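Asks: Single-letter residue listing:
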Amino acid sequence: MTKTIRKWISISIAVLAAATLSIAHTPATLAQEGKTLTVRFYDDPAGYDPANIFRIENENLAFNIFSGLTSYDSVTGEIIPDLATSWETTDNKTWTFNLREGVQWQKGYGEFTAADVIYSYERILDPDTASPYAAELAGIVSMEAPDPYTVIIELDAANGNFLHTVANYHQGQIVKKEAIEAAGDQVRWQPVGTGPYYMDTIDVNSQIVLKRHEDYYKGPAPIETLLFNIIKDEATATIALRNGEVDLVMRSNREENLQTLEAEGFKMNTVENYAAVIKVFNAEYEPFSNPLVRKAFAHAIDYEAITQAISPSLTQPHQSMLLPWMDVYTDDIPVYEYNPEKSKALLAEAGYPDGFTFKNLGTSAQGVTELQQFEIDFLSQVGITMEMDLVDTPTFNQRRNAGEFELASRLLPAVNPDLILFSFLHPDNMVPSGFNGARYDNPEVTEKMEAARASADPEERLQLYKEVQQIVADEVPYLPVYSSNVFWPGKPEVTGVNINYLAQVNFWEVDIEE
Amino acid sequence: MNYQAPLQTALLEVQDLKTEFHTDGGTVTAVDGVSFAIERGERVAVVGESGSGKSAMAMSILRLLAYPGIVAGGKVILEGTDITTLSERKLNSIRGRIVGTVFQDPMSSLDPVMTVAKQMIAPIMRNLGLSKDDARAEAIKWLDKVGIPEPERRIEAYPYEMSGGMRQRVMIAMALSCNPQLVIADEPTTALDVTIQAQIVELMKTLTAEAGAAMMFITHDMGLVARFAHKVAVMYAGRIVEFGPVDEIFANPCHPYTQSLLGTIPSADMVKEDRLPQIEGTPPDMKFPIKGCAYKDRCAGAHDRCAVEAPVLDSRGPHHTAACWLPKGLENTKSLKTEKTQRKLRNDNTEPHVVVELNELRKHFVSNQVFSPSKSMTVRAVNGVNLRVWNGQTLGVVGESGCGKSTVARLMLGLEKPTSGDIFIAGLPQMVFQDPASSFNPKMKIGAILEEPLVVKNVGDKHSRTEKIQTLIRQVGLDPSYLSRYPHQLSGGQKQRVAVARALALNPAVVVADEPTSALDVSVRAQIINLLADLKDELGVSFVFISHDLLTVRYISDQIAVMYLGEVVEYGPADEVFAHPAHPYTRALIDAVPVPNPAIEKTRTNAPLSGELPSPLNLPTGCPFASRCPMVTDRCRAEKPILPPHKTSRQVACHYAQ
Amino acid sequence: MADLSIKSAATVTPGLHKALAAARRNPLITNIKARISLFILIPILTLMILAPVLPIQAPLETNLRALLESPSLTHLFGTDKMGRDIFSRTLAGIQVSLLVGFSVAGIALVSGMIFGTLAGFYGGILDRVIMTIVDIFLAFPSLLLAIGLVSVMGTGLIPVILAISLADVPRFIRLQRSQVISLRSRAFIDAARTVEASQYWLMSRHIVPNTIAPMLVAGSIAAANAILIEASLSFLGLGIMPPEPSLGNVVRDGQLYLEQAWWISTLPGVVILLIAIGLHFLSDGVRELLDPRSRK
Amino acid sequence: MADYAVKKFFQLIVTIFGVVTLVFFTLRFIPGDAASAMAGDTLSGAALENLREKMGLNEPLLSQYLSYLKSLVMFDLGETLTTRLPVGGLLLKALPITLSMAIATIILTVTISIPLGTLAAFMAHKGRRWLDNGLTGMAMIVDLMPSFWTALVFLLIFSLTLGWFPASGQLTWEDPWALVQRLALPVMVLSITQIATMARITRTSVLEVLSEDYVRTARSLGWSELQVLFRHALKNAALPIATVIGLSFGNLLNGTVIVEFIFTIPGVGNLLINGINSRDYQMVQTLIVFYALLFVTINFVTDLIYRTLDPRVQF
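Chains as they are written, first to last, in this note's numbering: chain A, 1 to 514; chain B, 1001 to 1658; chain C, 2001 to 2296; chain D, 3001 to 3315.
Heads up, a few of these hints could be off.
Said to hold, decoys possible - In silico lysine-lysine, DSS-like type, Cα no more than 27 Å apart, as pairs:
| no. | chain 1 | residue 1 | chain 2 | residue 2 |
| --- | --- | --- | --- | --- |
| 1 | B | K1132 | D | K3093 |
| 2 | A | K93 | A | K448 |
| 3 | B | K1118 | B | K1132 |
| 4 | B | K1468 | B | K1457 |
| 5 | B | K1462 | B | K1417 |
| 6 | D | K3126 | B | K1075 |
| 7 | A | K267 | A | K35 |
| 8 | B | K1090 | D | K3070 |
| 9 | A | K448 | A | K466 |
| 10 | B | K1291 | B | K1075 |
| 11 | A | K267 | A | K232 |
| 12 | C | K2033 | B | K1287 |
| 13 | D | K3235 | B | K1118 |
| 14 | C | K2033 | D | K3126 |
| 15 | D | K3070 | D | K3093 |
| 16 | A | K211 | A | K35 |
| 17 | A | K359 | A | K342 |
| 18 | B | K1141 | B | K1205 |
| 19 | A | K177 | A | K211 |
| 20 | A | K359 | A | K344 |
| 21 | B | K1205 | B | K1602 |
| 22 | B | K1145 | B | K1132 |
| 23 | B | K1145 | B | K1205 |
| 24 | A | K177 | A | K107 |
| 25 | A | K211 | A | K107 |
| 26 | D | K3126 | B | K1018 |
| 27 | A | K218 | A | K35 |
| 28 | A | K211 | D | K3093 |
| 29 | B | K1090 | D | K3126 |
| 30 | A | K232 | D | K3126 |
| 31 | B | K1287 | D | K3126 |
| 32 | D | K3235 | D | K3126 |
| 33 | B | K1287 | B | K1075 |
| 34 | B | K1443 | C | K2033 |
| 35 | A | K267 | A | K491 |
| 36 | A | K491 | A | K211 |
Said to hold, decoys possible - For the chain C half of the interface with chain D, some residues (derived, Cβ under 8 Å), not all of them:
| no. | residue |
| --- | --- |
| 37 | T2132 |
| 38 | I2136 |
| 39 | P2141 |
| 40 | S2142 |
Hints listed in this document are in silico derivations from the structure and should not be mistaken for laboratory results.
Quick caveat, the model's predicted, so the values are computed rather than measured.
Quick reminder that beta carbons are idealized off the backbone N, C-alpha and C, glycines included.
Let's have the full structure, built from the sequences with the hints guiding it.
Replies: Put into structure tokens, the structure is as follows:
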């Protein structure tokens, strides 16, 4: 009897203890149950198939649904392990990735293995997929999986930036064969990945719902449900945040709204230097073929004053094609301070003492931007007349891609410095087949870039890239003018909104404080 | 007609009634101190030109004036009570119950989206306190009384399903259905054809007499007055200028205006050499205060006193009053303001020859129904007309509206293409249109309007054309200064003069005048008729004069053609046709025309032509007139009479022509 | 009697009488609505014309030292985010907007006149073809039609004008056609036909002159509407492109600063309102002047 | 009646065919295509050409047109070019939202504008014009306020300052109250111009009827002014007003495009603007044709109803 009682008591205690323990262990998870974050989404969803994904807002969702072999640190922007726990290469040609074990696919598609990696890359390379990102993986000669947790990839040439290629972005995102086949032609609407959130429902006109992937390898995210509400109008979005209808605004891009929100005590989550804006001088157009003219142009405009006036929060002057947080970035390059006298002198030296007239390609949707109005003002003071060549957006893209312009601008959002430099400076990438709109072809630069890419020695690579940046900054085929910052204003209690240099937020890190 | 002196208080007594319209352009005094009385059972006619204030006066009695009109002064004593001070609510119990009203335009005076039943039954229930079923029975009874066939069925009809005459009968039934003591009828027959007019007038006369109701009858037609009224009030410029028993007024008019009005009507015994007496000028603008007698500018007898002091109504005999400084008015009505009272008939030595000849003329309008051709409808507007006009003569064409007379005119002018038949015209036809308002391009000055035919036809040079239009404008009795005016600056009569001038510009062989006087006021009508008659004599131009006004047609025409349903039923010399109508329809038309002479009217049988013009969509196979003819036989229904020579100069399409 | 009153006035002050008579001859001045419209429009137009010589900043000139300033004597309507003078931009915008408004009205009027007259006068097949095309265009809600056309032709002054007028043209054709049809049966046309006037003569002398007035009324309303449609197109990024100011895009730009700088969009908005009211009153005035019932 | 309807219906078919053809070819003249709109900044020339080929944009125009016509006749609205979603499905989802907004607007408009316009007419008829003048003035001002402007002001007042209605949020049919709150602002913005216009039209129609002869007839039978107003004037004025309500649908469709954009209402207007921005021909042409069809059909039905209701109109 006593024994039984004792037994009962001990059991009860054990149970209680266990209960207490479990309570002590899981208060966070219990509190997290049912947390919902409402985020403003600013355009119509365009689909989430990594092989055919476009535009940052869609890529941001894919970033949270899928994983790559590597990923980017939200704060530093460094390459960090993701599905691959480690990797080896000796020559930048043969890459061996050691994969994480026990990673679970969303929606019950089982465990992630090396076969998924090979399938994903082959799918991108398959002409039937018609992925615009196929070129990124074109250097792959062979892929092998000696065991389920190892992938060996051989490239046709050395590529020191291959870790960017396999990062959690576009072609680098790993998909599941069974899920792709099950979705048929609706792949873009039924993404299945290994990331922290899975796609729950999409109403293409109003809302996207992401749910926490409970088996995410880093553990479940703090927030269970992410509601992305589509609000296109900036003013409405701002009012929605101020009204408490949304918790977080994805990319607020109007200076006046930012000021209002900041004044009202909202948290201004931001990343600086997310992307550089460059002027592309068409070297086939006569005055711009002369480096002196390009330098004169650079000295003529006070971008510092302009960015301060137009949007001090969203922009700052910037002098390099690469961004400060990139590993190969150097600030040891020639810069062009605002100096109209020098500009005039350079123009005279180049044979244009009275200046010249050129056309700047722009979209009629934007019209003459505020920046361009200031540029017109400044250039006119050294005798250069800037006219606007305004066309509708699709034509603009078409002509810019084909290189049919005298001067155009581009935003460089890529996170991969190697990709930026190769795309814009290598003669193989000359328009219309690539991004080299300046028709830049300097054998010395080409050689250094190729050497850098092939080099397995980080020091050597850095040195080569530094030299490339110096030469380019001296010859100014492109003129970097400013870099932009990204804001995701949110309620003060929303934490962990770390915007990475792809302007993306890893929602696994985001939480709502009580 | 048994007029008796009142034994008790008058049913309605109006004292010094004043009505004003406050418009943006100033205050118009439409009624300027009118006083009169109506006894029980008495029929009083109020006559006057448009703008004389007669309608405004009638509407003022029950305060039915629309904004901006207001009753500005005076008393209206109905059965001993002054109703000008009554509240709207109390007045509403008088409207309809004690005073019923019949309005001018039957087309617009009934609610188009409500059935007759809905419009009639509710007031009966309210005013007589009947149940719905009883009220309905009462309404049907009245519809029957006013001569609406199948009233049980017709009561559920919408107004648009009825003809104008039928609608006016419904209006009368509505006005009488609550047994009013007084019926105010505002030009109730003006919009109707002459035969229908006769029916309606007869109806109102009988029904009010039956019910013992008094009636105030507003009209501009002196003939109707003679036929209808016990007493007459003549209004001019917002005032009553003469008031008295009907026989007195006609036999012994004392006011120059009354005298002239009576004179302007062509009478049956008038000879063609006599010019119609006419009243010159136009009535005054009521926006401005009138100093002295309002009629002085148009009065042949005006003298100094008239310019400073307005005469008031003054006794001229038992119950007869007139407002004129002259006790007898104009001594001689022939001395009206006209230069000559007789015209010389032109003695043309040329052989009489035919200027216009119409042979078997037909015009059918076909409305196509694409998806069901069986429903296609053919309107036979002109259905085999043969007519001739000789040089220097006038052919009068008469008939009810819808008989095809205007279509004949348009065919002659080439404005419509005939379906079959020939038109022969020796020279150019020209036209004077009915509506002076739309006859001219409002953007052109009179000079340009008169010059246009010359320019189009390339006649002469600029200089000779200018001379020509000067001549033309003088010919029609206007000053050349009018050449630089716009049409809207001219009065209706002046416009018709210009229209005549334009018609003469190219020296036409024939001028077709389509109801040229029907849009004009009585006093102006005579001016135009005289002008046409003078021109015919002076220029030897032939005229085709189309009208429903038989007296005028008789006066102006040499030949008359009577049309019925697209056909000519009688044709012959004007006087002869008038004196001895051979076709029953002609006879009925002539009977229907009221004669401005109460003595004659009393002797007339007044059995108006029954029925209405059948639709030209489904013409009867036999005689078109069979459905309304008093002497119809089976032969008429089966066999169509043609227009055979009758006597020597006449043709009558009737099997039984006398 | 009318003569009497004028006579008495004349005897008192012959000078005044003459002036009054002269005023009466100019109907635009006698009509009260027309008077209000002129009272509104003339100062606006004067300022617009004088804009280049007024001591104000040029409409496109930026000023980094005067951003978002509230209205003052130097900047009557304040400045915007780029330090541009709103007053000056408004005046320049009036120019562009009126150009849009009047061009649209003009195009709609002329083509409405031509096709409407042809369709109404000749009838038959020609009428059917024209009216079918008109029906097709009328099947689009007007803003949608303008949006569609601007996306085809691109943005800018001329495409905007064409797009808005194309949406208006069918309406004008209809109006003109119905006018012509009702005129066609008027007696004065018959009168001219009896002297065998040519069809050209009938159209040019009789029909067209009598249709102009209502078309002008419709035109001035269309002009006011065009200014507003341009504003809506600007809002959707399809109107006159910045920095070129139109009243529409000045208001649109300022709308973003409604909380910080209400003047940027409010004051030009009031100007749009005034112009549109002026045009409406002008059309009302014209309507009343041309209405025979209101004439004496 | 049947004859008339059939004839009108044929006209309608011809019109729609014209609309379809016009829209199809016009859209093809828009520079830039769906592929380049979709790619935005990201793609270079060669990759873009691939994409274009894959989207079927390189087919000959005529064969695209014919297959489009064929699919339309089969009621197959196809898929969007960019996102491969069935256009019909999108339309079916968006339509109830736009329609309920339009209908709510019409109801709100009618309940406010008809009494207001009637009152103004009634008073003007009796010579008291202040309400009439005020209404005309207000209508003019409201008419001239661009809807994007009104929308923002309403947002600031009713949503931000007063907090009565949300500025964004999901539209759920399950929670009618939330739906009403969500749609309240857009409906208010849409209504305000409609109310102004409709009140003026009501005022004009009623005033016109009040000066008709049959109103005087009714007055002569002892009906009071108010009785006349309700027995006759409103009944007669109702027909033109009803016609205008039908026709104002077209204006509403204009308005919904802008209002849906600002208030992020996932309706048909929103689809259209997206379609235009992404050069999605399939979407845009279907929607424009749909708009035209809706517009023409409503006019057709209004016309028929008018003719059925008005005893005066004969066929």
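Asks: Are the hints correct? Go through all of them and say.
Replies: To see whether the hints hold, each was checked on the structure:
Distance hint between K1132 of chain B and K3093 of chain D is unfulfilled; the C-alpha atoms sit about 53 Å from each other, more than 27 Å. The hinted pair formed by K93 of chain A and K448 of chain A meets the criterion: a straight-line CA distance of about 18 Å does not exceed 27 Å. Proposed proximity of K1118 of chain B and K1132 of chain B is supported: the alpha carbons are some 11 Å apart, at most 27 Å. Taken as a hint, the K1468 of chain B and K1457 of chain B pair is honoured in the structure, with Cα atoms around 14 Å apart against an allowance of 27 Å.
This hinted pair does not check out: K1462 of chain B and K1417 of chain B have alpha carbons roughly 34 Å apart, beyond 27 Å. A hinted pair counts as satisfied when its Cα atoms are at most 27 Å apart, and K3126 of chain D with K1075 of chain B qualifies at roughly 22 Å. Pair hint K267 of chain A plus K35 of chain A holds up; C-alpha atoms about 19 Å apart against a cutoff of 27 Å. Of the supplied pair hints, the one linking K1090 of chain B and K3070 of chain D is violated, its CA atoms being roughly 72 Å apart against a limit of 27 Å.
Our distance criterion of 27 Å between C-alpha atoms is met by K448 of chain A and K466 of chain A, whose separation comes to about 10 Å. Only pairs whose Cα atoms come within 27 Å are accepted, and K1291 of chain B paired with K1075 of chain B is accepted, the gap being roughly 24 Å. For a cut-off of 27 Å, the pair hint linking K267 of chain A to K232 of chain A stands: about 21 Å separates their Cα positions. Distance check on the hinted pair: K2033 of chain C and K1287 of chain B sit about 23 Å apart at the alpha-carbon level, within 27 Å; holds.
For the given pair, K3235 of chain D sits about 13 Å from K1118 of chain B by alpha-carbon distance, which is consistent with the 27 Å threshold. Taking the CA atoms of K2033 of chain C and K3126 of chain D, the gap is about 22 Å. The hint holds against a cut of 27 Å. Of the pairs offered as hints, the one joining K3070 of chain D and K3093 of chain D holds, with about 24 Å between alpha carbons and a cut-off of 27 Å not exceeded. Of the supplied pair hints, the one linking K211 of chain A and K35 of chain A holds, its CA atoms being roughly 10 Å apart against a limit of 27 Å.
Between K359 of chain A and K342 of chain A, the direct Cα distance comes to roughly 23 Å. Compliance with the 27 Å bound is thereby established for this hinted pair. Taking the CA atoms of K1141 of chain B and K1205 of chain B, the gap is about 18 Å. The hint holds against a cut of 27 Å. A distance of roughly 22 Å separates the Cα atoms of K177 of chain A and K211 of chain A; the hinted pair therefore holds under the 27 Å criterion. Of the pairs offered as hints, the one joining K359 of chain A and K344 of chain A holds, with about 19 Å between alpha carbons and a cut-off of 27 Å not exceeded.
Distance hint between K1205 of chain B and K1602 of chain B is fulfilled; the C-alpha atoms sit about 13 Å from each other, no more than 27 Å. With a C-alpha separation of about 20 Å, the suggested pair K1145 of chain B and K1132 of chain B falls inside the 27 Å cut-off, and the hint holds. Between K1145 of chain B and K1205 of chain B the alpha-carbon distance is near 13 Å, which keeps this suggested pair within the 27 Å criterion. At most 27 Å may separate the alpha-carbon atoms for a hinted pair to count; K177 of chain A and K107 of chain A meet this at roughly 13 Å.
At most 27 Å may separate the alpha-carbon atoms for a hinted pair to count; K211 of chain A and K107 of chain A meet this at roughly 11 Å. For a cut-off of 27 Å, the pair hint linking K3126 of chain D to K1018 of chain B stands: about 19 Å separates their Cα positions. Taking the CA atoms of K218 of chain A and K35 of chain A, the gap is near 19 Å; set against the 27 Å cutoff, the hint holds. Restraint check for K211 of chain A and K3093 of chain D: satisfied, since their Cα atoms lie roughly 24 Å apart, inside the 27 Å limit.
Proposed proximity of K1090 of chain B and K3126 of chain D is supported: the alpha carbons are some 19 Å apart, at most 27 Å. Proximity of K232 of chain A to K3126 of chain D is assessed by CA-CA distance (about 51 Å); at most 27 Å being required, the pair is judged violated. With a CA separation close to 22 Å, the supplied pair K1287 of chain B and K3126 of chain D stays within the 27 Å bound. Pair hint K3235 of chain D plus K3126 of chain D holds up; C-alpha atoms about 19 Å apart against a cutoff of 27 Å.
A distance of roughly 23 Å separates the Cα atoms of K1287 of chain B and K1075 of chain B; the hinted pair therefore holds under the 27 Å criterion. For a cut-off of 27 Å, the pair hint linking K1443 of chain B to K2033 of chain C stands: about 23 Å separates their Cα positions. Under the criterion of a C-alpha separation no larger than 27 Å, the hint pairing K267 of chain A with K491 of chain A is consistent with the structure, at around 6 Å. A threshold of 27 Å between alpha carbons decides the hint, and for K491 of chain A with K211 of chain A the separation of about 21 Å falls inside it, so the pair holds.
Because the beta carbon of T2132 of chain C sits about 6 Å from the nearest beta carbon in chain D, less than 8 Å, this interface hint is met. For I2136 of chain C, the interface hint holds, the least distance from its beta-carbon to any beta-carbon of chain D being 4 Å, beneath 8 Å. With 8 Å as the threshold, the beta carbon of P2141 of chain C comes within range of chain D, its nearest partner Cβ sitting at about 4 Å, so the hint holds. For S2142 of chain C, the suggested interface contact is upheld, since its CB lies about 6 Å from the closest CB of chain D, less than 8 Å.
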